[in-house]
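The primary structure of each chain is shown beneath.
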Amino acid sequence: MHYPWWYIPNMTAPMLIAAIATLHVFVSLYAVGGGIVLAGEVSHAYKIKSKPALDYLRSHTLFFILLTVVFGAITGVGIWWTIGLASPLATESLIHIFVFGWAMEYVFFLIEITSAFIFHYYWGRLDPRVHKTIGWIYGVSAYISLVIITGITAFQLDIGSWTPEKGMWAAFFNPQTFPQIMARSGASLLLASLYIYLHAAFKLRNDHELRSLVENRTSKWAMAGAVLVTIGGAWWYINIPDSAKSALAGASALNILSALIFLASAVVFFMLYFGPYRNPGWINPGFAILYFLLGIAATGTGEFIREGVRKPFIVYNYVTGNNVLVSQIPKLQATGYLNGGVWTKAYMKKYYPQVIEEDGNISDNKLLLLPVNDQIRVGQVLFQYHCNDCHSTKGFSGVANLTQGWNKSMIHTVVTHLDKAHFFMPPWCGTEAEAALLTEYLQSLSEPAPAGMKFSGTGFPEKGSVVSKVEGEEAGR
Amino acid sequence: MNPIDLIGPISPLGNPAPFWFITFFKVLGFILHMIPMNIWYAGMILVAIFSVFGKRHSLELAHRLSRTMPIIVASGVNLGIVPLLFTQVGYYQFYYPAGVLMAYAWFSVIIILVFAYYGVYVYSLNVRSGKRTKFALASAWVSSIAFLFIGFLFANNFSLMVNVENWIGVFNSTSVAGAVLGTGLNTGDATLIPRWLMMFGLAMTTTAVYIIFDATFFKRKDATEDYKKWAARFAFVFHTIGVLIFVIMGSWYIFGAIERSTLDQLGQSSAMYVVFALTAISPGLVWIVMLAQSRGIRRNATIAAAALQVVVLGLNATSRQWVQNVEIFKFERISQLPVNIQWSPMILFLLLFVVGLAVVGWMIAKIVEVEKKAAEA
Chain D
25 MHYPWWYIPN MTAPMLIAAI ATLHVFVSLY AVGGGIVLAG EVSHAYKIKS KPALDYLRSH
85 TLFFILLTVV FGAITGVGIW WTIGLASPLA TESLIHIFVF GWAMEYVFFL IEITSAFIFH
145 YYWGRLDPRV HKTIGWIYGV SAYISLVIIT GITAFQLDIG SWTPEKGMWA AFFNPQTFPQ
205 IMARSGASLL LASLYIYLHA AFKLRNDHEL RSLVENRTSK WAMAGAVLVT IGGAWWYINI
265 PDSAKSALAG ASALNILSAL IFLASAVVFF MLYFGPYRNP GWINPGFAIL YFLLGIAATG
325 TGEFIREGVR KPFIVYNYVT GNNVLVSQIP KLQATGYLNG GVWTKAYMKK YYPQVIEEDG
385 NISDNKLLLL PVNDQIRVGQ VLFQYHCNDC HSTKGFSGVA NLTQGWNKSM IHTVVTHLDK
445 AHFFMPPWCG TEAEAALLTE YLQSLSEPAP AGMKFSGTGF PEKGSVVSKV EGEEAGR
Chain H
5 MNPIDLIGPI SPLGNPAPFW FITFFKVLGF ILHMIPMNIW YAGMILVAIF SVFGKRHSLE
65 LAHRLSRTMP IIVASGVNLG IVPLLFTQVG YYQFYYPAGV LMAYAWFSVI IILVFAYYGV
125 YVYSLNVRSG KRTKFALASA WVSSIAFLFI GFLFANNFSL MVNVENWIGV FNSTSVAGAV
185 LGTGLNTGDA TLIPRWLMMF GLAMTTTAVY IIFDATFFKR KDATEDYKKW AARFAFVFHT
245 IGVLIFVIMG SWYIFGAIER STLDQLGQSS AMYVVFALTA ISPGLVWIVM LAQSRGIRRN
305 ATIAAAALQV VVLGLNATSR QWVQNVEIFK FERISQLPVN IQWSPMILFL LLFVVGLAVV
365 GWMIAKIVEV EKKAAEA
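Heads up: the protein sequence lines correspond to chains D and H, in order.
If you read the first sequence in the numbering used here, its first letter stands for residue 25, the second for the next number, and so on.
If you read the second sequence in the numbering used here, its first letter stands for residue 5, the second for the next number, and so on.
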């Protein structure tokens, strides 16, 4: 509410964050895990003096660079871009807490980029010892990037002992950081292995011996990854706040997805053991694609759950999902949401000067005196700034559908008790009068109850009728 | 609407570093970003034009540029993170609203950049494999146009950021019940076009210096004397055109677009007056070195031209920062906002910065060794 809100019809601006972040994670995990696996495998290939293995790893490195340095790096910057557009207040807060964390990550990113290019472009020209060292420099710096960024995203789910007076370290070492680092470390190794299977299945389809070697060695990284994901995931679950556990338990979709991830990790582990580990050379292109898609689905689901259980916060107990500082809520409830928002107040001053008091504040009483059409219009302003972060009108999570069949009183009750009706929603942050205006707007959108459903006069036997008496007698016998 | 009413409140967390620190790293980061960014900005256009119309040396130039372009783009994107990071820390009350008001255009930068970067790779890999397909040629053109357009979008956002009066116009024309559609641009701002093209002129001069640098130091075995002579003459001409564009657009910006009150502030600071004057004349110094080089490349002169060009970029970044601060201080004295210094993270960052540079330096030293051995062989 400190910033203008970006309205995207039929969806919500934060959905763009989810889209970009998910795409980024698919590649960034590979950038980390792939770096470690490549460094390890190149070291091994030098040790056993296998030129075919080195040649293959060289070709894989080009694939790796094309994907991670271009798509991975730009979508990483893209997340910044998008969070600044769709959640500016939360971004402002995170930047102020973690600026030096991000600056440190930048240093490691600089090392990553430099080492990745030198590792690839000077392949065969550098002394093997130096080449291996540069590979490990990449792997280690990429891993430290993962650690830093995970600390920041973990903080969003649980701020731990941090308070605004405390600095970055209190924020970074929150209860979620280490479990998430473990889970993501595993995911990075596992996903990197699936990328290697995919690449090798096509690149080495006519070289069974080398493909077997690559698959066998990669499967060890992959199985280690699967174990880390499982342990890290369990540790994560044990440590998440109560609200997140309740969100998982209460939302059947999240519930099923969480179980699926654990199940998928276990299945993948056994598939890896009996597949490429025990029977190297077994993965053909079709199977590699299947493996890869399983990995992508599991990663995407994991990220979806991680984001989903944070509700109703963007930064736990500090910034709510609708970009309000928790500390501001009591004041907003007392003096008005429109009054507290920079852009909402400016809008009201321009378009509804009649509701502005002499002291420059918006009058609740005057809001209620507006004609109904204007009340609906102002209600829409409230909707944009209070609700549109998560709800569209008639599209994604549309309020028209969510309030389908509700009467005005029901809508008003829910609006004024948002956090009581659904604990994963923020509380109503405005005055009673503003709640009435939002209710008017929501009612104007609300769809009537679906036609065709009957709860009486269906023609079926009613209690006390002849048929039900017979049934009752039979049940008694 | 009153522009002052649209400035958001300050962060209750306070700035994690003093304002001078934020500004220093913002400017330093921008200078480092500008070096590679300038080369792809003007360089990709040369690649596109010469890949289609080039003959012998000009085609060779397109190939030489395209071979290193993927690394240049990666470096530039990476180095661009620093100024963006510190802009968000110190200038958040202005940076975020400007971005949201033109959200679609700003968001599209990421998508366009992905295509532009892959276009660079397509052409570069094509050249490395000795081919010249139509798809690769088209990719080079797409990339060069995309980079130009990204520059236009950056000029839009960073001019809108300081032109708070224009927020009102953009908001009124694109708002839906108080929220914005994000379809705005800052096209009503008189400084937009000169800002955009001034950077392009500057990019041409940096690219010209890079062409000489490349001919002098990179792949000396491949660079024949004939090519070097041609490159020196071409770089001089390209630099001259760049200086002309820079001077014309700079004059338009200073005398025809920027607000009088900003220039009045300049008169009150003799130090900034000197920096501004040096910013205006410094490309001329590089031009003199380039003129001397056009008669034959000399290593020392190349090093001087490169060093001077970094100074030119540094002066530009400093002047731009000063103007940005003056324009923003009209609305909020952001240099005097509360500070809550995060000492240990700051010190750790500075230490890691030094260690990081040392590690990068070590890796570069290793490849210089390799190149030297190859040249001796």
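Hint data in this document are derived by calculation from the structure and do not stem from the laboratory.
Every residue gets a Cβ at the ideal spot worked out from N, C-alpha and C, and that includes glycine.
It is possible that some hints are incorrect.
[Stated by the list, open to error] Covered by chain D, according to a simulated footprint, are these stretches of chain H (three or more residues, beta-carbon under 8 Å):
hint: 1; segment: 120-134
hint: 2; segment: 196-202
hint: 3; segment: 272-286
hint: 4; segment: 353-367
* For the segment 196-202 of chain H, does the count of residues with a C-beta closer than 8 Å to a C-beta of chain D reach 3? -> Result for this restraint: violated, n = 0.
* Asked: Three or more residues of the segment 353-367 of chain H near chain D by CB distance under 8 Å?
  -> As far as the segment 353-367 of chain H goes, the hint holds, because 8 residues have Cβ atoms under 8 Å from chain D.
* Are there three or more residues in the segment 272-286 of chain H whose C-beta lies within less than 8 Å of some C-beta in chain D? -> violated (count 0)
* **Coverage of the segment 120-134 of chain H by chain D (three or more Cβ within 8 Å)** => holds (count 3)
Hint compliance for this structure: hints 2, 3 are not met, and every other hint is.
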